[in-house]
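Novice: Place chain B on chain A using the hints.
The chain contents come next:
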Amino acid sequence: MKHHDNIDYGITCDSKHVGAVREPPLLNNRWLGVLAITLVVMLPQVLYAVDAENCLMCHRFRGLARVDKDGDYRLFYVDETLFNRGPHARVTCKGCHADIEKIPHDNAKPVDCLRSCHIEEPTREIIFTHEKVREALQQSVHAPILEDGTPRSSPEDFPQCKDCHDIPLFRPVSIFKKTRAGVSERAVNRCIVCHSDENFVRYFYSHVTTRLHKARDSREVVNMCAGCHGDPSFVRRHGLSDVISSYLETYHGKAILFGSTQVPDCLDCHASHKNVHEMRAAADPGSSTNPKNRSATCNSRDCHHSAGPALASFNVHSNRDPKANPLEFGVALFFVIATLGILLPILTLNVLGLIRELLPSHQAEQEIERLKKIADKKAAREGGILRFNGGLRLQHAFLVVVFVILCLTGFPMKFPEASISPFIYDLFGGINGAPIVHRIAGVALLVGFAFHIGQILFNVRRSMKRKGQRGIKSWINSILALPMIPGKQDLKDLIDWAKYALFLSPRRPYYGHFSWKEKLEYLGLFWGIPLLGITGILLWAESISTRILPGWALNVAYLAHTYESLLAVAHIALVHIPGVIGRPGVSPLSSMIINGKISPAVLAEEHAGEVKSFDITPEARS
Amino acid sequence: MSKKNDRTKRLFLFFYVAMWSVILVGAATWLTIFLVGTLGDPVEAKGLEPTDAELFDSILALTDKKVVRYLGEWEFLEPKLPGHFHHIGRWYQSDKWNFCIDCHGPIPHSRSLQERAFLNMHNLFISCQVCHVQESEGAAPEHFGWVDIVSGRLCSNPDIVEGVWGEYGAKIVPLKNHSENPQPLNLKEEQEFASEFRQRMNNLNDSQKVIGNKFIHRKCIENPVKCSDCHNEDNQFLPYTALGYSEERAAFLISAEVVDLVKRYETFYMPNLLKPQQQTEGQSIQEETP
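Taken in sequence, the protein lines are chains A and B. Using numbering that gives the first Met the number 0, count along the first sequence one by one with no gaps and you end on 621. Using numbering that gives the first Met the number 0, count along the second sequence one by one with no gaps and you end on 289.
The hints are simulated quantities; they were obtained by calculation from the structure and are not laboratory data. Heads up, the beta-carbon is just placed ideally off N, CA and C, and yes, glycines get one too. Be aware that one or more of the hints could be misleading.
As the list claims (entries may be wrong) - A few chain A residues facing chain B, derived, Cβ under 8 Å:
no. : residue
1   : 59
2   : 102
3   : 165
4   : 222
5   : 240
6   : 335
Unchecked claim - As a list, the in silico DSS-like pairs of lysine-lysine whose alpha-carbon atoms are at most 30 Å apart:
no. : chain 1 : residue 1 : chain 2 : residue 2
7   : B       : 187       : B       : 225
8   : B       : 64        : A       : 108
9   : A       : 466       : A       : 322
10  : A       : 131       : B       : 79
As the list claims (entries may be wrong) - To be clear about the criterion: a stretch of chain A counts as covered by chain B if any three or more of its residues have a C-beta under 8 Å from a C-beta of chain B, and this derived list gives those stretches:
no. : region
11  : 189-200
12  : 228-237
Same shape as in the complex, but just chain A (with noise of 0.2 Å):
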């Protein structure tokens, strides 16, 4: 949003920045000028609200305020601008706050919003009212009383008008060709060719443009709603869930949180066919969200149109309560305890790891100091030690940058709520861009994984060839042989490593041409990356996903999908990067992903068994 839009609606700088020092002007005397007449020009929209009684002569002062022996604080102070800036701009004080007869003031009641005190109702020519409401409310779920007029428990819980509005204020949008939203003056300019007064075309063109939106931001909604289901101790007492969490933690949820006017709040699925003030329980079959109606709530044309009738049956609300959504919980159990089942044991050993290499045994420094000279050798005969030739680095590079999206585009939208999030997503276009930017990487990892994939097995055919081997025993065989698949030796070197970490023994392991560690990491992509592209397509491609599958896979997918991404970057940052980013030797960076090449010391201290077979000079072996 510009400046200039806040001074066009009377909002100053002060009100802005409070406490804010005042900088020389930037504008000189001429522009001031400008801005005087705009202001001026601007000023008759605001001049709505109607004080016959001066009210405003003291409730104007930001500061009539006290604070009563409950130590609630009662503010009696009226914004003039923000007030006529809504629709109640042409209701009196009094229209509202009618028992207010005498200065001082007596006791005052609360204001009955339901009085017939208002403006004339245009359409009718009668006093207007919010009286329906009142008729609509007891049909509904937030109704104190049943139809047949039993209490409900905790009446006193149920809201009353102020409990989920503050006095609404415009939202017009611009419907002239644009759909922007503000007031479009090239449509206002039109209407006073025939109605006169501008005042009034303003109020009458932000009243209607703002019925033909969201009247309320989503943000509010959700926040309005959390008033009440979001407090533990109201949900407790009527027996319901957390259901501002579980919609948090939805697309729609996040999307509102970034900002997003595209995606339904709870009023666009609770109240999707009625008013808003009849709003039924679920199990009320009048209700939108009920069983039987959530079908044509969902694939209503406005929404998932395209999707099968099973979107229906995914659980908007689901959490992982055992009791409640045991199939969820299952599942999120399974990654919590794969993740830290994986994650802890390494870490764990990574800084013993570490602790060891600050105190190493006298024997390994000096296998590692004999070895790295004879990798110093090699090195110098051969002008390096290639360790990736040129297609694996550029596949290393295309994987760091794919990742790199994804994390970007992803785990803003797992934490949108963190200060930094909305920052990262608007580098990406926001919510309407970075969601297509992430599945465009998404797909184009699964297509470099294919490709991977792709030629291992060319190589493994080319070799079998070689050797006129044939079968699927073969092939078998000859996968199971390629040196990034685990075997005993692997094992035994974990064993040796742990060893050797615990101070239980002097002598490091010999790693071969790939250690253990890079063996696991390896592998674990072939579980992530199929992984998180089936489950990230189920999600995207609900419209084709729920029509072969039940609603319910998608909540598996979900949770799957963002536990193993958690899984996939914890492992990434936890136990990739430190081996490869300021370890000594290979600082700030390790050369291998530029030039293949691995320095002597790290191939000496990773690599030791890879090393020995270098070792075959009769100096060396002397």
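Specialist: Relative to chain A, chain B alone:
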């Protein structure tokens, strides 16, 4: 040279090991807490908060909460006041220099049930010293000026224009040495004492607290300036035009409209600061009025 290199290498290795050890242990702890926290009913997790904190939040912390109003083409942040219907936009500018605020807060008037909101409203632009302090008994200040509400330094008259309504970034203060070197009324001793008093208050006994309070308030007068002292047609306590008010605004402040309003309130309010019991009984019926 080689020894020096070796030492540098060791130091580098130490930092590398220390840095990654801390990161890995911290990350593993966070990950475990986060992942385990995702299991179960979120309401149960919320229920772990102590009830004392909930009560505290409901009384005090809510007044610090802010809410954003999203209106499409513009948005604004405003304090969240539970049950408040009108939008307020923002809090008012708080007084940063006046040490009275440290104890009494920005909404200090609560005793006179009928007038308290009006008196608090005047706090926007009149400092406590104007009505409550005299350098010596009976020596009411005669000259007034404005001080910046942040720095507390004397400043020129602010622009008192319609639309600002009391929020001038400055407050009226009594002046001394008006003819030679006008300066705001000095309460330096009291201010320094009050600062130390606040720091050491928990270690003082009751009689020490009483004595300390008396010293801090030694220049406060029993009968402060009344509304009608300024809002009357004959002799105003504050010189409006000298303080920068326009002739029209000054005339309005002593107009029949305002004077009548003030009289209506003063009829109900007798400033019985020394007889709070009597005052409470007489005014309990007006408790909920502004």
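Novice: For each hint, tell me whether it holds in the structure or not.
Specialist: Quick rundown of the hints versus the structure:
1. 59: Holds, because the Cβ-Cβ distance from residue 59(A) to chain B comes to roughly 5 Å (cut-off 8 Å).
2. 102: holds (5 Å)
3. 165: Interface hint status for residue 165(A): holds (6 Å vs cutoff 8 Å).
4. 222: Given a least distance of 7 Å, the restraint on residue 222(A) holds.
5. 240: Given a least distance of 7 Å, the restraint on residue 240(A) holds.
6. 335: holds (5 Å)
7. 187(B) x 225(B): Holds - the C-alpha atoms of residue 225(B) and residue 187(B) are around 26 Å apart, at most 30 Å.
8. 64(B) x 108(A): Since the Cα atoms of residue 64(B) and residue 108(A) sit roughly 27 Å apart, the hinted pair holds (cutoff 30 Å).
9. 466(A) x 322(A): Given pair residue 466(A), residue 322(A) is violated - Cα atoms ~58 Å apart, limit 30 Å.
10. 131(A) x 79(B): holds (29 Å)
11. 189-200: violated (count 0)
12. 228-237: Held - the region 228-237 of chain A has 4 residues with a Cβ nearer than 8 Å to chain B, which meets the minimum of three.
Against the hints set out earlier in the document, violations occur for numbers 9, 11.
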